[in-house]
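Chain by chain, the residues:
There are 2 protein chains.
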Amino acid sequence: MTPVQADLYPSRQCAEPRWQERLDPVVHRQDLDNAPIAAELIARFERDGYVVLPKVFSAAEVAVFRRELERMLADEAVVASGKTIQEPDSGAVRSVFDIHRDNPLFARVARDERIAGIARFILGGDLYVHQSRLNFKPGFDGKEFYWHSDFETWHVEDGMPRMRALSCSILLTDNQAHNGPLLLMPGSHRQYIHCVGATPENHYAQSLRRQEVGVPDQVSLSELAASHGIDSAIGPAGSVVLFDCNIMHGSNGNITPDARSNLFYVYNHVGNAVQAPFCEQSPRPPFVAERRDFRALDIQPQRYI
Amino acid sequence: MTPVQADLYPSRQCAEPRWQERLDPVVHRQDLDNAPIAAELIARFERDGYVVLPKVFSAAEVAVFRRELERMLADEAVVASGKTIQEPDSGAVRSVFDIHRDNPLFARVARDERIAGIARFILGGDLYVHQSRLNFKPGFDGKEFYWHSDFETWHVEDGMPRMRALSCSILLTDNQAHNGPLLLMPGSHRQYIHCVGATPENHYAQSLRRQEVGVPDQVSLSELAASHGIDSAIGPAGSVVLFDCNIMHGSNGNITPDARSNLFYVYNHVGNAVQAPFCEQSPRPPFVAERRDFRALDIQPQRYI
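So the sequences go chain by chain: A and B.
Residue numbering for the first sequence follows the working numbering, beginning at 96 and increasing consecutively.
Residue numbering for the second sequence follows the working numbering, beginning at 96 and increasing consecutively.
It is worth saying that the hints were derived from the structure and are not from the lab.
Among the hints, erroneous ones may be present.
Since the list gives no way to pick one copy over another, a pair counts as held whenever it fits inside one copy or between any two copies.
[Claimed, not checked] With a Cα cut of at most 25 Å, we get these calculated SDA-like pairs of lysine to any residue:
1. K150 <-> S190
2. K238 <-> S317
3. K238 <-> D269
4. K238 <-> F382
5. K150 <-> A321
6. K238 <-> P396
7. K178 <-> E111
8. K150 <-> A101
9. K150 <-> R107
10. K178 <-> D126
11. K178 <-> P131
12. K178 <-> A154
13. K238 <-> G186
14. K150 <-> G366
15. K238 <-> G219
16. K178 <-> P149
17. K238 <-> V157
18. K150 <-> L127
19. K150 <-> E111
20. K178 <-> E141
21. K178 <-> H323
22. K150 <-> R386
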């Protein structure tokens, strides 16, 4: 496959890192007073590249989600689906992908107006799910996840043309300062860092565990952190973290006894559907990066009791 | 060597973990009004097992210490001393031991009234340095350090009879929530957890990098965390963290660009000097656990400009 569109965000093509300004809006609507949440929160998303919405889901709803999570982690059909990330040693399931298609409950969550409605406002139109997953990060030896921009990977490896996507993480456990919360550099979504190095074949199978290509250089990260600082996304179970596709983020490991789990949906504007990857490799499989169905989500109010 | 004293804190001797109450006082003086710091801070140390004292050392003094740290990390004689911990891959120095003997500047710091004077009050009498080191934890891939009680190791591997020791960490960099600060379970110093498993020979050479024996079981850690919570020792450079020998502590890794360094002194009461280890192995070498000189420190005011 070859790109039909010019590569406006090249990466992994040069021996030296480069920075460029973001070419796309962060919030695609101007009429903030019509937003489904306070205009101030949308403005904060625009400025910082993320926002934490406390307790969007009730404790009872979180309990429903967690029961389904526990069922799935123990379900042999899920383990055998080939759509999971497992621990190299124990085989324990850490992530299950494609839940917006395979799991009826979590497919409804993807269309939930309380989250997808906000994403639709920010991205200015109809959406589809580019990626979905259930994440389970155990206590005691939760692994770190190094700094990255999601968009860099989605662009280079999946062929997402422009920055018109965002991630939505629904916290199923309390996220505290000490148990490896999402770390973000507020405002870093306005710069795009061209990473160094070419993409190896089948990079995804390894990079979802530990990324080594598509990783920003240490000098760029130090500059970004010095100018933007580092914040963490902390909140009780049921809270939602919305973050822009290009914000620099990562997480430290977790030695605390507290496991962390979340539901994760990436919303992409239907006009920004993926094309051929902007690298020499085949695209990642569709359970990691949707390319089977770009139809607009039917966003509706949902309840789960 | 065989212990001349009964083993009041057995560990690594049974197949099942056991808990016991601490047999020793935390603060060995009653006259808190005579303490060199506010009585309230001493009371907090007794209750929580640690206390953070902000900016005990001035920015100018921290600068002096950091210059010496940088000189040492680059000093081939230091690297060749055999008293360092180095990265397995790069050989970069991460810790230098025995600085209370080998380094004139840091030997003075060990006797500094601002820290040793407080330790002398808490431990109720004359002190010597059981262990000293300079730690350098790099940014981007600082490793985690798993939960442990220092006393468990000092008792079993070094032969420290009783809980009458404390650690003093002088922060040479800002410690923030995100760059892998010391995590502590406040109040956990009142229970002693008997760990499972026997001590292998020359355990120290590996355990200083990554501990696997002398590690509490996950059930005990979960119970401790549930009843005590987890706090982090955060403060600007120049601050001092004092913590009891038996408090449960550890640290997460650090993906942030901010390196962390500190000076670390363990003070032990002269009446609690180490004897034969409470295990079947030879004691750890004296640069890790002092057994050459138990004479009382000459504690004096110090300035470093």
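Okay, the hints, checked on the actual structure:
In this assembly of identical chains, K150 and S190 lie within 25 Å of each other by CA distance solely inside one copy; the values are 23 Å within and 44 Å between copies. In the homo-oligomer, the alpha carbons of K238 and S317 lie at most 25 Å apart both inside one protomer (22 Å) and across protomers (18 Å), since each shortest distance falls under that limit. In the homo-oligomer, the alpha carbons of K238 and D269 lie at most 25 Å apart both inside one protomer (18 Å) and across protomers (24 Å), since each shortest distance falls under that limit. Taking the shortest alpha-carbon separations for K238 and F382, only the intra-copy value of 23 Å comes in at or below 25 Å, while the best inter-copy value is 32 Å.
With identical chains, the CA atoms of K150 and A321 are at most 25 Å apart between copies only, with a shortest distance of 23 Å across copies and 31 Å within one. For the homomeric pair K238 and P396, neither the shortest alpha-carbon distance inside one copy (35 Å) nor that between copies (44 Å) is at most 25 Å. In this assembly of identical chains, the alpha carbons of K178 and E111 never lie at most 25 Å apart, being 35 Å within a copy and 38 Å across copies at closest. Taking the closest pair of Cα atoms, K150 and A101 never come within 25 Å of each other, the shortest separation being 41 Å inside a single copy and 55 Å across copies.
In this assembly of identical chains, the alpha carbons of K150 and R107 never lie at most 25 Å apart, being 39 Å within a copy and 44 Å across copies at closest. Taking CA atoms no more than 25 Å apart as the test, K178 paired with D126 passes in neither setting, with 40 Å inside one copy and 64 Å between copies. Within a single copy, K178 and P131 get their C-alpha atoms no closer than 33 Å, and across copies no closer than 61 Å, so neither meets the 25 Å cut-off. In the homo-oligomer, the alpha carbons of K178 and A154 never lie at most 25 Å apart, since the shortest distance is 28 Å inside one protomer and 53 Å across protomers.
Taking identical chains as interchangeable, the C-alpha atoms of K238 and G186 lie at most 25 Å apart whether they share a chain (15 Å) or sit on different chains (23 Å). Taking CA atoms no more than 25 Å apart as the test, K150 paired with G366 passes in neither setting, with 31 Å inside one copy and 55 Å between copies. In this assembly of identical chains, the alpha carbons of K238 and G219 never lie at most 25 Å apart, being 35 Å within a copy and 42 Å across copies at closest. In this assembly of identical chains, K178 and P149 lie within 25 Å of each other by CA distance neither inside one copy nor across copies; the values are 30 Å within and 50 Å between.
Taking the shortest alpha-carbon separations for K238 and V157, only the intra-copy value of 24 Å comes in at or below 25 Å, while the best inter-copy value is 33 Å. When the C-alpha separation of K150 and L127 is checked against a cutoff of 25 Å, the pair qualifies only within one copy, where the shortest distance is 22 Å, while the shortest distance between copies is 45 Å. In this homomeric assembly, K150 and E111 never come within 25 Å of each other (Cα to Cα): the closest approach is 43 Å inside a single copy and 41 Å across copies. In this assembly of identical chains, the alpha carbons of K178 and E141 never lie at most 25 Å apart, being 33 Å within a copy and 51 Å across copies at closest.
Proximity of K178 and H323 under a CA criterion of 25 Å is satisfied in neither setting, with 36 Å inside one chain copy and 39 Å between copies. In this homomeric assembly, K150 and R386 never come within 25 Å of each other (Cα to Cα): the closest approach is 32 Å inside a single copy and 56 Å across copies.
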